[in-house]
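Number of protein chains: 2
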Amino acid sequence: MSIEAKFEKRLSILQVEESQSFAPKFDDNGLIPVVTTDYKSGEVLMQGYLNSESFAMTLELGEAVYYSRSRKQIWHKGKTSGLVQTIREIRIDDDQDCVWLKVDVDGGASCHVGYRSCFYRSIPFGRNLDKSKRIELKFEEKEKVFDPKKVYGDSPNPTKL
Amino acid sequence: MSIEAKFEKRLSILQVEESQSFAPKFDDNGLIPVVTTDYKSGEVLMQGYLNSESFAMTLELGEAVYYSRSRKQIWHKGKTSGLVQTIREIRIDDDQDCVWLKVDVDGGASCHVGYRSCFYRSIPFGRNLDKSKRIELKFEEKEKVFDPKKVYGDSPNPTKL
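Chains as they are written, first to last, in this note's numbering: chain S, 1 to 161; chain V, 1 to 161.
Here chain S stands alone, though its shape is the one from the complex (with noise of 0.2 Å):
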């Protein structure tokens, strides 16, 4: 039986919320959205999402493989980079829409920019924001961990205006 049968049908709240049961709730694009940490830090590395032959695959590697909206493809991270995310906890939140990976990183970085995180950069707030400018974010990390175009080589950015 693949693993993808095992995902339950969702039938009450209570269930749902408050058991065992296993129903990931996919929305209309058959996706459900996931948060990466690194699992000594806690930082949150990226954000990205499943289809549900991808959350397959991730339960039965235990590795990360997420589905790229960018690329329209299941993305088995680290293939192209050998940053591979090796999984060492699953969470799945209250209503089931959403999942968490706490993950090591092989090379310690998970951001196609070349940043340990996607979250380099920090936005201004409260009494710290300025009305009257711009508002800057700011470089919360200063260094690369690798060269993009080293690792990438000319792969199209995966980044869309």
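If you are wondering where the hints come from, they were derived from the structure by calculation, not from laboratory data. Certain hints may be false.
Remember, identical chains collapse to one label, so a pair may be satisfied in a single copy or spanning two.
Calculated pairs, DSSO-like style, for lysine-lysine (alpha carbon to alpha carbon, straight line, at most 30 Å) [to be verified]:
| # | residue 1 | residue 2 |
| --- | --- | --- |
| 1 | Lys79 | Lys9 |
| 2 | Lys160 | Lys25 |
| 3 | Lys79 | Lys25 |
| 4 | Lys150 | Lys133 |
| 5 | Lys6 | Lys144 |
| 6 | Lys131 | Lys149 |
| 7 | Lys72 | Lys25 |
Take the given structure of chain S and dock chain V to it, following the hints.
Okay, now just chain V, sitting in the frame of chain S:
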């Protein structure tokens, strides 16, 4: 000048990924996903969405203001439950289509079911995945922090089947 008017136009990949320009990308529904973690423990508390108005309110107030997809309205977290999320840091990812909030939570809980984190259950994977059996979630949090009936009364449950 309103904060929303300070969101910049997305003109190039270099601008979006490598500069200090704040140019968030909202999806076809006008939303941007947000991951919320506990500032001290690093634990992922919840995953939600912002629209441009709630994003601006979040930056201005320094408290998490989401957009509720189920209720289709601005959702100032904690206004009903008292479990306000005070922001300590805000990050944005490489292509600026996801936000990370690091927060302190009044009352220590973020989940409408009553747990500290929405991600109170884990999924077995790899060697712990017995393909001959049903996949059973495991409760990683054993005790609820609050009783949702006392806090929310008869408010409709936000979970959708």
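Legend entry - Those earlier numbered hints the structure runs against, lowest number first: 1, 4, 6
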